[in-house]
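Asks: Here's the letter readout for the chains.
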Amino acid sequence: MADEAHIAVTHLTMAFDDYVVQRDLDFSVRRGEVFIVMGGSGCGKTTLLKHMIGLKPPVEGDVLYDGKSFWTVDEEERDKVKRRFGVLFQGGALWSSMTLAENVGLPLRLYTALGEQEIRDIAAYKLALVGLAGFEDYTPGEISGGMKKRAGLARAMALDPEILYFDEPSAGLDPLSARLLDELILELRDTLGTTLVVVTHELASIFAIGDTAVFLDADAKTQLAVGNPRELRDASPDPRVRRFLTRGETDGKALPAGVN
Amino acid sequence: MRQPATLDLRQTDDGVLRVRLAGDWLLAGTLPSTRDALDRIGHEPRRHLVFDTADLGRWDTALLTTLLTIRREAERAGISVSDEHLPEGARQLMRLAATVKEPEGARRHEVHRGVVEEVGQATLGIWAALLDFVRFIGVCVQSVSRLVRGRASYQRSDFLVAIQEAGVESLPIVSLISFLIGMIFAFVGARQLEQFGAGIYVADLVAVAMVREMAPIMTAIIMAGRTGAAYAAGLGTMKVNEEIDALSSMGVNPIDFLVLPRLVALVVMMPLLTLYGSLLGILGGALVSLIMLDVSLVQYVAQTAGSMGLSSLLGGLFKAFVYGALVAMAGCQQGMACGGSAMAVGQATTRAVVMGIVLVIVSAALLTVIYINLDI
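Quick mapping for you: the protein sequence lines, in order, are chains A and B. First residue of the first sequence? That's 1 in my numbering, and the numbers climb one at a time after it. First residue of the second sequence? That's 261 in my numbering, and the numbers climb one at a time after it.
Which bits of chain B does chain A cover? Going by a derived footprint, with three or more residues having C-beta under 8 Å, they are:
hint : segment
1    : 288-297
2    : 338-352
3    : 361-368
4    : 598-611
Quick list of simulated restraints, FRET-style, between CB atoms:
hint : chain 1 : residue 1 : chain 2 : residue 2 : range
5    : B       : 338       : A       : 80        : 46 to 52 Å
6    : B       : 373       : A       : 183       : 40 to 46 Å
7    : B       : 262       : A       : 183       : 28 to 34 Å
8    : A       : 115       : B       : 511       : 54 to 60 Å
Now the stretches of chain A that chain B is said to cover, found in silico as 3 or more residues with beta-carbon under 8 Å:
hint : segment
9    : 111-120
10   : 138-146
11   : 176-190
Simulated from the structure, these hints should not be mistaken for lab results. Beta carbons: idealized from backbone N, C-alpha and C, even for Gly.
Using the sequences provided together with the hints, build the complete structure.
Replies: This is the structure we're talking about:
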C-alpha cells in the first residue's frame, strides 16, 4: 500500500505559449505521504500545482492518478478525479459573497447527502481544526489574510479528500499557526491516510513534515532532485539543492543549529 | 462493502452511559440522526459517559463532528465524558480542534430587526450616501483647485488614456444611439406635423430636442453605463488590491492621482461627445425627413439653422458638462468607497451606474426648469 504511486507526474513539460517553465518533470507521490514541491521563487511550483489539479493542460506528458491518465481523458472523467482532492490556494481564494461556514459547507452541500445542521456542524469543526472557532458567520472581507488562508484550508478539507494540495500553506501565518498547521498536516496523513502535496519554500516546514520532496530549478528548467529532504540536504550530489536546503550557508560543512 | 453507521445509547448498572458507535461513519454515506441521542443525554441521570467503538468500521469527519456534538451536549448537561475507547486518530483530531480557543466575543449572534427599523435604517442610509457624495464633490473641487494651481500630482499619460477611453472609444455607441434617436424623433414628428401641413417643422423638432435635451441626456446615460461603471470597477479593484493605500503611503494624494484625470477627462469629453451626438441626431432626422416628407436637403438644413440660437447650443453643452461631472464623480466615489472583496467591487459598480443615472435625470429636470425661467 505504502509503495503504490498515488499520483505520478510523467515527462511533464509546462509552458506559457513559447516560454517553457519546466520540462521533463518525472516523479511519483506515494499514497499517504507528505510530498513537498520546493524551489526558488518563480521556478514554476505553483504552475506545476495547476497542472496537477487540472487548471492548466500540459504541453507534453501527463499526470496519473492511481495509474490512470488525468489529461488524456475527457472533461467529465477529469471532473470525477478532481472531486477526490482538495486544494488550498495561495491567498485562500474564498468566495467573498459567502460566510466562512458557507464556504466550507458548499462542497458538502454539492457532493454529499448531509442535512443543513450536519453541514453546519462539520463546517464548524473544520474551522475549529484550523483555529477559527467562532468565526463561522464572518465573511472573507472581515478577516485577516492569515485567517483567510486557514479558512481556505478548512474548505479544502471539507470533504475529507484523499489528496490535499497546499500552495504555500504557511506563508503569511505566524510561527505558532504555521506550527499548528504542520501538526495538522501530519495528523491528517496519519489518521485519515491523506496524501498531501505541499508547495512551499519554508525550510522549517519542509524538514518537519516532508517525506519526499522534488526540487525544481528555474535556471535548469527541470527537476534537480527527488528524495527525502533531510537526505537531500546532507547528501544530494547537486550543490544547488544542498545550498537551497541550508539557506546557502553551507556547502557540505556542518549544519547550522536549529535547522534539524 | 460499506456497513451502515449506527448510534445507540446503553445504560449499564455501574451508572455509566455507553454510547455505542458502529459501522462506517463516512461523509459519503448516510448518517443516523443524533437528535434522539442528544435529547436523552440532556435528561440523563447518569454522570459519566463512555464511547464504545468495538464495532466501528472506517470513519472520517462524519464521526468526529458527531463525537464533538455529543461531547458538547454532555458537558452542557454536566456529564463527564471519557474518550479513552476512541481511536487514537480521532482523539488527536478532536484535540487539535480544541487547541485554539474561540476568542471571546468573536461569535456573531443574529440580529432581528422589525420592518419599521429596516425602513428607518434604509432611509438613514440614503441620507448618509447623499452626504458622502456631497463630501466627495468637495474633495474633487479641492483637487481641481490644486490642479489649477499646478500642485496636483498626476501622470499626464493617465489623463490621455482616460480621454481616449471616455472619448474616442465611446464614439461608436454614441453615434449609433444618437442617430437612431434623431430618426425616431423625426418619425414621430413627421406623422403628427404632416396632418397640419407643417412637415418642415420636423427639422426644428429634431434639432431643438437633440441639442437641448436628448443628446446630453442620452450621452450621459451611455457614459454612466460605460465610463462611470469602468471607473468604479477599476478604482474598486485597486482598493481591494491595496494599490490606493500604496499611493497614500508614498505621500501621493489618491484623489489627485486617480480621480482627477478621470474626472477631467469625462468633463472635457462629455460636451464634445454631446455636440457630435447632436449632429448625428440631426443627420438621422434629415434622412427620415427626406424619405418621408416632401422636403429637400437645403430646405431642411436652412430650417435647422434657423431653429435655435447660440444660447440653446451653449445651454445643451453646459448640461453635458454638468452630467459629465456627476457621472464621473459617482463612479469615482463608489470606487474609492469600495469594500475589500470581489463582491464589493460588483456592488460598487452597480451603485455607480444607478447613482450616475439618477443624478443625471434629477439634474436634467432641475436644469430644464432653471433654463425656462432664464428664457434660454
